[in-house]
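Protein sequence lines, in the order shown, are assigned to chains A and B.
Quick note: the first sequence, position 43, residue 43 per my numbering, numbers continuous.
Quick note: the second sequence, position 153, residue 153 per my numbering, numbers continuous.
Just so you know, the hints here were simulated from the structure itself, not pulled from any lab data.
Just so it is clear, CB atoms sit at the ideal spot from N, CA and C, and this is done for glycine as well.
A portion of the hints provided could be inaccurate.
To be verified - These stretches of chain A come out as covered by chain B in the derived footprint (C-beta under 8 Å, 3 or more residues):
| # | stretch |
| --- | --- |
| 1 | 18-29 |
| 2 | 62-76 |
| 3 | 185-191 |
As the list claims (entries may be wrong) - Sample of chain B residues lacking proximity to chain A, with all beta carbon distances greater than 12 Å (derived):
| # | residue |
| --- | --- |
| 4 | SER2 |
| 5 | GLU4 |
| 6 | ALA89 |
| 7 | ALA99 |
| 8 | PRO139 |
| 9 | ASN182 |
| 10 | THR197 |
| 11 | ASN215 |
| 12 | SER229 |
As the list claims (entries may be wrong) - What follows is a list of derived Cβ distance ranges for each label pair:
| # | chain 1 | residue 1 | chain 2 | residue 2 | range |
| --- | --- | --- | --- | --- | --- |
| 13 | B | ARG214 | A | LEU141 | 35 to 41 Å |
| 14 | B | ARG148 | A | LEU141 | 51 to 57 Å |
| 15 | A | ARG228 | B | GLN236 | 45 to 51 Å |
| 16 | A | PRO100 | B | ALA152 | 25 to 31 Å |
| 17 | A | THR134 | B | ASN233 | 49 to 55 Å |
| 18 | B | SER143 | A | THR134 | 35 to 41 Å |
| 19 | A | GLN213 | B | MET1 | 48 to 54 Å |
| 20 | A | PRO100 | B | GLU98 | 54 to 60 Å |
| 21 | B | THR239 | A | ARG51 | 32 to 38 Å |
| 22 | A | ALA19 | B | GLY87 | 40 to 46 Å |
| 23 | B | THR88 | A | ARG228 | 45 to 51 Å |
| 24 | B | ASN217 | A | PHE36 | 31 to 37 Å |
| 25 | B | ARG214 | A | HIS226 | 30 to 36 Å |
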Amino acid sequence: MAQQPAVQDSEVLRRHVAAAGSLPAGIATACVELLFVDGAAVLLMADTERRWHVAASVGRWARELEEAQLTVAEGPAAEAYSRGGPVLLSDVTAQAARWPGFAAVVPAEVRALFSFPLQVGAVQFGVLDLYCCTPGGWDGLRLGTALNVVDCAAGVLISGVGSPPGDPLCWLDDLPGHTPEIDQAAGMASVQLGASLAVAYARLRGFAFASSQSLVAVAREVVAGHLRLVDDDPWWDGDVGQPPIRRG
Amino acid sequence: MSRETRLAETFVNLADTLVADFDVVDLLQDLVEECVALLEVSAAGLLLADERGGTRVLASTSEETRLLELFQLQVHQGPCLECIATGTAVLVPDLAAEAGRWPQFAAEAAQRGFASVHAVPMRLRAYVLGALNLFGTRPGALSEADVRSSQALADVATIGILQQRTIARGEVVAEQLQTALNSRVVIEQAKGILAATGGIGMDAAYRQLRGYARNRNLRLTDTARSVASGVLNPTQVLTGPWR
Chain A
1 MAQQPAVQDS
11 EVLRRHVAAA
21 GSLPAGIATA
31 CVELLFVDGA
41 AVLLMADTER
51 RWHVAASVGR
61 WARELEEAQL
71 TVAEGPAAEA
81 YSRGGPVLLS
91 DVTAQAARWP
101 GFAAVVPAEV
111 RALFSFPLQV
121 GAVQFGVLDL
131 YCCTPGGWDG
141 LRLGTALNVV
151 DCAAGVLISG
161 VGSPPGDPLC
171 WLDDLPGHTP
181 EIDQAAGMAS
191 VQLGASLAVA
201 YARLRGFAFA
211 SSQSLVAVAR
221 EVVAGHLRLV
231 DDDPWWDGDV
241 GQPPIRRG
Chain B
1 MSRETRLAET
11 FVNLADTLVA
21 DFDVVDLLQD
31 LVEECVALLE
41 VSAAGLLLAD
51 ERGGTRVLAS
61 TSEETRLLEL
71 FQLQVHQGPC
81 LECIATGTAV
91 LVPDLAAEAG
101 RWPQFAAEAA
111 QRGFASVHAV
121 PMRLRAYVLG
131 ALNLFGTRPG
141 ALSEADVRSS
151 QALADVATIG
161 ILQQRTIARG
171 EVVAEQLQTA
181 LNSRVVIEQA
191 KGILAATGGI
201 GMDAAYRQLR
211 GYARNRNLRL
221 TDTARSVASG
231 VLNPTQVLTG
241 PWR
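Kindly generate the complete structure, drawing on both the sequences and the hints.
Given below as structure tokens:
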């Protein structure tokens, strides 16, 4: 796809992840820079316990906002996660009535709130919340930038599963979720490996990296039945229980 | 059954779907298949304009790469892109005669056996959500009635994606579009799982998935999510002729 802006965004993301030393913190600070928001927070769902935790928060009200949402167990973040699509509130005061519990606890300073699920199809990691202290909607360009950053973040979260070799940000060129063959191949590889979808994506990426091919090219081979991933990649340590956080 | 009766029946069925709790991708799949049955075209697809830039395929009459690649090619040039940019229908009865407008697209389309292409906008007031793409294997114009029917079908698709007739907030459009795009990703993942489990192709995997969901009155995306997240055993979806 023609995505020139996305390349620049991914560079900003790469820089912040390296500087912050953690992916969630890097995502949050990158969003503040790229999207001119007053704060950002990353909520991750711990896979084993199905429990939320605030993995990163940047901005004066970010932590309070997330703790409020976790306390009442409802609000835009929970809805974005369960629906699998963003929840965009250009005016929190006007729209928070959808979640009475949330309306009662959201910091008054948070006037606009944009919640994006961090996901690739059925693989869900958590939610990215972005807020502004003045109400106002986003134009298409700004929303597009946010979506690109969110896609990059989800792609990196997936590639962090099981720690495949190479730069975790190396695959920002072809993101899962944009080319049907990549998602089909992940489904096929998960069956062939007897592994989760997240692991399958990471393995496809690892194979593409190790064989100096694009992810799309590898995916097409898998879908065509010409390539079958096997369970003996030397770099694969089988450890999938780690939180998907990369150290810089 | 006459063509008019069939057309009326199609709209009655689509309208029925819209009042119930329905699955967008499933509805749009029905819709593109109806296009081929009703109109003088041999392939159809729905493309959404993505807020990220470019377009993404939400439904297609075939999973064949010859068709999908043709859709994807229009990220850079083609009638569909022009239709989305202008918000008006782009009708090309004879692609060879107008090859100068989109040389790369015209060449690729011809190579894949298509001679005509029509793109009809999916519009909400001034906002263009995407386009319905119709391909024919022979040159020929759509009749005036077919142009009207295809616009009506594209309008149904628009209503289906937005899932409500009055849009209170402009943001709802973006919310619904992005949710629909993610549904499509979940379905691709489930197709992959079914294809590898059953040793079948992607088209067959999709048919099984839709048949299973339909047979049990489940939403297609929910069923796909169950398969993709390991809650539903793929062999259960594969057994039985769900058609």
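Honestly, which of those hints from before does the structure not fit?
-> Hints 1, 2, 9, 10, 12, 14, 15, 16, 18 and 24 are the ones this structure does not satisfy, whereas the remaining hints hold.
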